[in-house]
Amino acid sequence: METFVFIVLLITVSLTFVFVRLSISLIFWLVTDSKDKYAVFKKFFPYYIIILTALSIYTLKLLDFSYAATYYFGIVHVIALFIWRGELKSYKKKITDFAVEPNQTHLP
Amino acid sequence: MKNVILFIAAVLFSTLFYEKSIGLNLCIFSVLTVIILFINNKNDFKTKDAIFYTALYLGTGIAVFFHDSSLTIMANLVAFFTLIGRLSQNKTSIYVNWLNGLYTTIAGWFHRNFAINETTQSVEPKTDIDYLHIAKIIIIPSIIVIIFIGLYQNGNPLFSELINKIDFSFFNIQWVLFAGLGYYLFSNIYQPVIVEPATSEDIALGNSLLKTSKFSIPKLKKENQLGIILIAMLNVLIVIFLITEITFILTNLDIRASVLSTQVHNGINALIASIVIAIIILLYIFRGDLNFYKDNAIVKHLAFTWILLNILLVISIAIKNGQYIYYFGLTYKRIGVLIYLILAITGLITTLNKINTIKNIRYLMRCNTKAVFFVLILTSLVNWDYQITHYNFNYAKSMDVPYLIELSDNNTLLLKDQLDKNELNEEHASRIENKYYHYMLELENNSWQEWQYDNFKL
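Going down the list, the sequences are from chains A and B. Residue numbers for the first sequence follow the working numbering, beginning at 1 and rising by one. Residue numbers for the second sequence follow the working numbering, beginning at 1001 and rising by one.
In case anyone wonders, no lab produced these hints; they're calculated from the structure. None of these values were measured; they are calculated from a predicted model. A few of these clues could be false.
[Unchecked claim] Here are the simulated distance ranges between beta carbons:
#1 B:Y1391 <-> A:V31: 53 to 61 angstroms
#2 B:E1201 <-> A:K89: 23 to 31 angstroms
#3 A:D36 <-> B:K1091: 21 to 29 angstroms
[To be verified] Quick partial rundown of chain B residues pointing at chain A, CB under 8 angstroms, derived from the structure:
#4 L1102
#5 Y1103
#6 I1106
#7 A1107
#8 F1110
#9 F1114
#10 V1195
#11 E1196
Idealized CB from N, CA, C, for every residue including glycine.
For reference, chain A alone in the conformation it holds in the complex (with noise of 0.2 angstroms):
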């Protein structure tokens, strides 16, 4: 019994990074200047974050509050928060790992 619990978890968490990866990743598809991803988080993560947090709280409202749906929409808002870090995290290594070329110091 224990087992399938831990599996039905594993799978509900394994499901829920999916869905969250797959919603931040379409808004960086959809944004034609997803380039610039500093540019997209500024614009389009406040949204996104009021929005998860309105339909997790609206989910939690329906479900009266349990624990369990508490711990998930909890997990679901990390998950999200880590994802949007990442993005971030990795631009940001992008445009550090650049060859800097040598001071041209014969040059006029």
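Given the coordinates of chain A, assemble chain B onto it according to the supplied hints.
Showing chain B alone in chain A's frame:
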């Protein structure tokens, strides 16, 4: 220092709200929030504006203690978002304050830690925390220590006895997690953040309407003619309607509930449509350059007349609603109608001012959302259940006792009082006694966090 304050606030948060219903705790939470915000934003609290919104927030917190109703809790929440939004940027519209307040509450900490540095175009986490390492240094030693405790327990009976004596039953993981939620909430709000570009766009856009480059006198002349004919016809129509309306009010002797109810509800439905369409038509006619056309005096005066006639229509509906209340008692729906009428008059006056002082649509949005906010706060300060019961027992010509019994517990003590003074039928008396008994039981079982004003009347 900051972390210590947040830690204390988190412990208090869990103490106040963990498995508790709303009462004194929300009032204390409001004070706690103001203290946390004040510690970190002292300069922002120097403005009269911030002090005013703080007073509104604390006022709703105190109102929750006096009469715990859904409306008051909602008003407290809206006042909370407004105050935080106002501290993040005090020059924006109230709806942008709500957006900033909401965003700060949900993800302020995350935004601050991954805020974009515009000058260097890089994300600058304040401290690059290695979460994996932290997890390793907590989890791995803990697991190894637990394994060794198990081994030593088998090796020495005295050590085993010592370990068995350790009692962790006082430790409540749910309580700790709830405190974690409190810590997250206070970390978010302690330094409010703004949503861009919504905030800067709102600041940049003023209230005044500007003349466009497409200004054309022949085109405007046609628009002016259309405006005059349309608004003049609407004025004639509303005058005829008002004459019939006033005749109805003065001559109506039929005070059957069903007749008045149909009249008020139909009136309200017509009024909603009429006012919304009136504002849309006026906004369309005065959307642009007609405001700057030199011969627009007639169309403007007709528009002002139409707005004033619409206000008369609102007053006539208010009189009918007043009659309805007088004969058949106060109810939430009838109070709702009065609130709608107040908002309708505000909408009409702001439209009049928009045309008179040549303002844009954003001005209307700003004024009317602010009006909705203040109406919400003011209505939340009133104990409606008590007022409805008091009015119906003392002034109304007739009333619906089961409706009063079904209201929240805020009127229970008054109902009991009225039961002692008036003679009610057995069924109603028994229901009131039952309600009173359950409320007394609830008050007696309230923990200090759940205390209400009625607790002090026991």
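So, going through the hints one by one against the coordinates:
For the pair B:Y1391 and A:V31, the beta carbons lie near 56 angstroms from each other, so the given range of 53 to 61 angstroms is met. Taking the beta carbon of each, B:E1201 and A:K89 are about 29 angstroms apart, inside 23 to 31 angstroms as hinted. Range check, A:D36 to B:K1091: Cβ separation about 28 angstroms, and the 21 to 29 angstroms hint holds. At about 6 angstroms, the closest approach between the beta carbon of B:L1102 and any beta carbon in chain A falls short of 8 angstroms, and the interface hint on this residue holds.
Hint status for B:Y1103 relative to chain A: holds, with the closest Cβ pair at about 5 angstroms, below 8 angstroms. Here the hint on B:I1106 is kept, as its CB sits about 5 angstroms from the closest CB of chain A, short of 8 angstroms. The interface hint given for B:A1107 holds, since its Cβ lies 5 angstroms from the closest Cβ of chain A, which is under the 8 angstroms cut-off. Hint on B:F1110 holds. Least Cβ distance to chain A is approximately 5 angstroms, under the 8 angstroms limit.
Annotation: interface hint on B:F1114 holds; nearest CB of chain A at approximately 6 angstroms, less than 8 angstroms. A cut of 8 angstroms between beta carbons decides the hint on B:V1195: the least distance to chain A is about 4 angstroms, and the hint holds. Here the hint on B:E1196 is kept, as its CB sits about 6 angstroms from the closest CB of chain A, short of 8 angstroms.
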